[in-house]
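Based on the hints, put chain V in the right spot on chain A.
If you read the protein sequences in the order shown, they are chains A and V. Under my numbering, the first residue of the first sequence is numbered 1, with each subsequent residue one higher. Under my numbering, the first residue of the second sequence is numbered 1, with each subsequent residue one higher.
Hints are computed from structural coordinates only; laboratory data are not their basis. Treat each hint with caution, since some may be false.
Quick list of in silico lysine to any residue cross-link-like pairs, SDA-like style, CA-CA up to 20 Å [what the hints assert, rightly or not]:
#	chain 1	residue 1	chain 2	residue 2
1	A	LYS204	V	LEU176
2	V	LYS177	A	GLU57
3	A	LYS177	V	ALA175
4	V	LYS29	V	ALA106
5	A	LYS177	V	LEU176
6	A	LYS204	A	GLN24
7	A	LYS177	V	THR202
8	V	LYS177	A	LYS181
9	A	LYS177	V	ARG76
10	V	LYS177	A	PRO174
11	V	LYS177	A	ARG76
12	A	LYS177	V	MET170
13	V	LYS177	A	GLU49
14	A	LYS177	V	LYS204
15	A	LYS177	V	ARG72
16	A	LYS177	V	ASP171
17	A	LYS177	V	LYS29
18	A	LYS177	V	SER46
19	V	LYS177	A	VAL173
20	V	LYS177	A	GLN205
21	V	LYS218	V	GLN56
22	A	LYS177	V	THR203
23	A	LYS204	V	ALA175
24	A	LYS181	V	ARG72
25	V	LYS177	A	THR202
26	A	LYS204	V	GLN205
27	V	LYS204	V	ILE157
28	V	LYS204	A	ALA175
29	V	LYS177	A	THR50
30	A	LYS177	V	ASP163
31	V	LYS177	A	GLN56
32	V	LYS204	A	ASP208
33	A	LYS220	A	GLN56
34	A	LYS177	V	VAL173
35	A	LYS181	A	ASP171
36	V	LYS177	A	ALA175
37	A	LYS177	V	LYS218
38	V	LYS177	A	ASP171
39	V	LYS218	V	ILE82
Here the structure is a predicted model, which is why all the values come from computation and not from measurement.
Number of protein chains: 2
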Amino acid sequence: MPNKIEVNQSLMQSNDQIAAAIRQQLLDKAVFSLNIMGSPGSGKTSLLETVAVRLQESSRIGVIEGDITTERDKERLTALGIDAVQISTILYNSTCHLNALMIRDALAHFDLSKLDILIIENVGNLVCPAEFDIGENKRIVVHSITEGEDKPLKYPIMFHTADCIVVNKMDLVPALKIDLKLIEQNIRSTNPTSPVFYTSATTKQGMDELLAWIEEQKAKKPVIRNA
Amino acid sequence: MPNKIEVNQSLMQSNDQIAAAIRQQLLDKAVFSLNIMGSPGSGKTSLLETVAVRLQESSRIGVIEGDITTERDKERLTALGIDAVQISTILYNSTCHLNALMIRDALAHFDLSKLDILIIENVGNLVCPAEFDIGENKRIVVHSITEGEDKPLKYPIMFHTADCIVVNKMDLVPALKIDLKLIEQNIRSTNPTSPVFYTSATTKQGMDELLAWIEEQKAKKPVIRNA
Chain A
1 MPNKIEVNQS LMQSNDQIAA AIRQQLLDKA VFSLNIMGSP GSGKTSLLET VAVRLQESSR
61 IGVIEGDITT ERDKERLTAL GIDAVQISTI LYNSTCHLNA LMIRDALAHF DLSKLDILII
121 ENVGNLVCPA EFDIGENKRI VVHSITEGED KPLKYPIMFH TADCIVVNKM DLVPALKIDL
181 KLIEQNIRST NPTSPVFYTS ATTKQGMDEL LAWIEEQKAK KPVIRNA
Chain V
1 MPNKIEVNQS LMQSNDQIAA AIRQQLLDKA VFSLNIMGSP GSGKTSLLET VAVRLQESSR
61 IGVIEGDITT ERDKERLTAL GIDAVQISTI LYNSTCHLNA LMIRDALAHF DLSKLDILII
121 ENVGNLVCPA EFDIGENKRI VVHSITEGED KPLKYPIMFH TADCIVVNKM DLVPALKIDL
181 KLIEQNIRST NPTSPVFYTS ATTKQGMDEL LAWIEEQKAK KPVIRNA
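Same shape as in the complex, but just chain A (with noise of 0.2 Å):
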């Protein structure tokens, strides 16, 4: 299907030159951006909750919300008293990931010169998401224990581009028949530098690192990716 690639790697390129300049207008404001992502049901949005209302705390927070359809989780964030803003991708031929033009539409619903943190939470997918750069600084995904200790092997990509990695809903361990140990050795494999943190939204388990390195990449001064 070689029409197929050519348009596609056609819309790739004008998609990461969309992204690019995301970046560059976010660096002329001093904002550092998020991009959040992980399954279905992974529990991005509970985390979120914790994190934005923490970062606000000393930041100015933004929340731009992706998912097929519905408003849930705009509605989430905003009943919390932080600025969120929801991408239905429904409008955009319901695709299953966040681009850097849906970002762009929604970057119009903010003052950037107000905001010091950008956070993006994609539709939950653990493949495509992963290949559309959307602007962000960094990446974090977000991998529930219960979703069994392999999807690192089954979902490459995914977790080899992210600059972080969440193993969350860590309250669920006594529950569970899981190996940790080996959740850690198959997230090695694919990707042996970018911290890990093991999260719980209910009990708040590593929420206090998992803030502590968001603050320590929004002081460095912004990494240009592609640059």
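Below, chain V alone, put in the same frame as chain A:
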């Protein structure tokens, strides 16, 4: 992006033609086919291990496993004495779903005159697999209760097109704050009629009911989708 849409429409037409030919080929050989879909880690393979072994007591079973990469799921089935073949989509542009072309290739592994039931486990993904007809007679979506109550609302195409919805990992009910009535209500808002089974591969809850449904569908004259 009109180019993308035109090319995709053309590819979908081609996919649907191959899928229709597969369905006819299976019908000619009296093979009943199932397409099992769901999120990464929703428990599709664990469920399939039980289902395939039980079905094999009275039928000749073949399994096609779909993943981006690894042959782990094929190996799990083969270890139980099930004839299984792996599709790694990394050989097909790393797509996040199976399509009819891949199934046509994988069918070469089987002597269809010696099969009664073909079970296809799709790539773990709640979005795109639902958009591709792969020549199946019936679709099952496996939804883990660990994914929360709102997924049927957020991924409506997957739940709407399912012939049967399996709410899985019921053994974890005591460990979770989960509203099962709300899950069923959300399933019903996108799919008012298909049966819903509550299962656990650990305790075997709901397996008899799910197996009875599969046998019942197999006994019916297979329906030709889109005919």
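Check your understanding: Given the hinted pair LYS204(A) and GLN205(V), is their alpha-carbon gap at most 20 Å?
Key -> Roughly 32 Å between the alpha carbons, so the hint for LYS204(A) and GLN205(V) is violated.
**Study point:** Pair hint outcome, LYS177(A) versus THR203(V) [Cα-Cα no greater than 20 Å]
**Key:** 13 Å, holds
Check your understanding: LYS177(V) and THR50(A): Cα distance at most 20 Å?
Key -> 18 Å, holds
Review point. Is it true that the CA of LYS177(A) sits at most 20 Å from the CA of LEU176(V)?
Key: 15 Å, holds
Practice item. Would you mind confirming whether the straight-line C-alpha gap from LYS177(A) to ASP163(V) stays at or under 20 Å? Key: Measuring from Cα to Cα gives roughly 31 Å; hence the hint is violated.
**Study point:** Hinted pair LYS218(V) and GLN56(V), Cα distance within 20 Å
**Key:** 13 Å, holds
Review point. Regarding the pair LYS177(V) and ALA175(A), is the alpha-carbon distance no greater than 20 Å?
Key: 13 Å, holds
Review point. Within 20 Å, alpha carbon to alpha carbon, are LYS181(A) and ASP171(A)?
Key: 16 Å, holds
Check your understanding: Between LYS177(V) and PRO174(A), does the CA-CA distance stay at or below 20 Å?
Key -> Distance ~15 Å between LYS177(V) and PRO174(A) Cα, so the pair holds.
Check your understanding: Given the hinted pair LYS177(V) and LYS181(A), is their alpha-carbon gap at most 20 Å?
Key -> At roughly 27 Å apart (the allowed maximum being 20 Å), LYS181(A) and LYS177(V) break the hint.
Review point. Between LYS204(A) and ALA175(V), does the CA-CA distance stay at or below 20 Å?
Key: The given pair, whose Cα atoms are some 17 Å apart, holds under the 20 Å limit.
Point to revise | Satisfaction of hint between VAL173(A) and LYS177(V), Cα-Cα up to 20 Å | key: 15 Å, holds
The structure does not agree with the numbered hints 2, 6, 8, 17, 26, 27, 30, 31, 32 and 37 stated previously, though it agrees with the rest.
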